[in-house]
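**Q** Sequence:
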Amino acid sequence: MGFPIHIHFRVHHTTTATLAWAMWQHRTVSGALFSIANVIMHIFLYAYFGGMRHKAIFWVVRIWGHVQLIVGVAMCMASILVKAQQLPH
2 MGFPIHIHFR VHHTTTATLA WAMWQHRTVS GALFSIANVI MHIFLYAYFG GMRHKAIFWV
62 VRIWGHVQLI VGVAMCMASI LVKAQQLPH
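According to my numbering, the sequence shown is numbered sequentially starting from 2.
For the record, the hints were derived by calculation from the structure and aren't laboratory data. The reader is advised that the hints may include incorrect statements.
[As the list claims (entries may be wrong)] Pairwise CB distance ranges (calculated):
| # | residue 1 | residue 2 | range |
| --- | --- | --- | --- |
| 1 | GLN86 | THR19 | 19 to 25 Å |
| 2 | LYS56 | VAL83 | 21 to 27 Å |
| 3 | LEU46 | TRP22 | 17 to 23 Å |
Note that the structure is a prediction, hence the values are computed from the model and not measured. Just so you know, even glycine gets a beta-carbon here, dropped at the ideal spot from N, CA and C.
Could you build the full structure based on these sequences and the hints that come with them?
**A** Right, here's the structure in full:
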């Protein structure tokens, strides 16, 4: 393409699919919240790329993208760890 892919997108597109699958397997509330946050992010993202070039939408996409990535991954990882501790040893 001629330019490097930003680290945010590398991490996001690698972790989202993996964590979404893990959350589906474990049926956790944090997994549902992670999925909802990701859907909301993409609604604003596609609206922006679809032509709604308002500055407010740009900042929602910019800030929410990082928030949902960091908080979502942390919530999902914590949930997986809690579930793993509940498994019989």
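**Q** All hints are to be evaluated individually against the structure, with a verdict given for each.
**A** Structure-based check of each hint:
| no. | hint | result |
| --- | --- | --- |
| 1 | GLN86 / THR19: 19 to 25 Å | holds (20 Å) |
| 2 | LYS56 / VAL83: 21 to 27 Å | violated (40 Å) |
| 3 | LEU46 / TRP22: 17 to 23 Å | holds (21 Å) |
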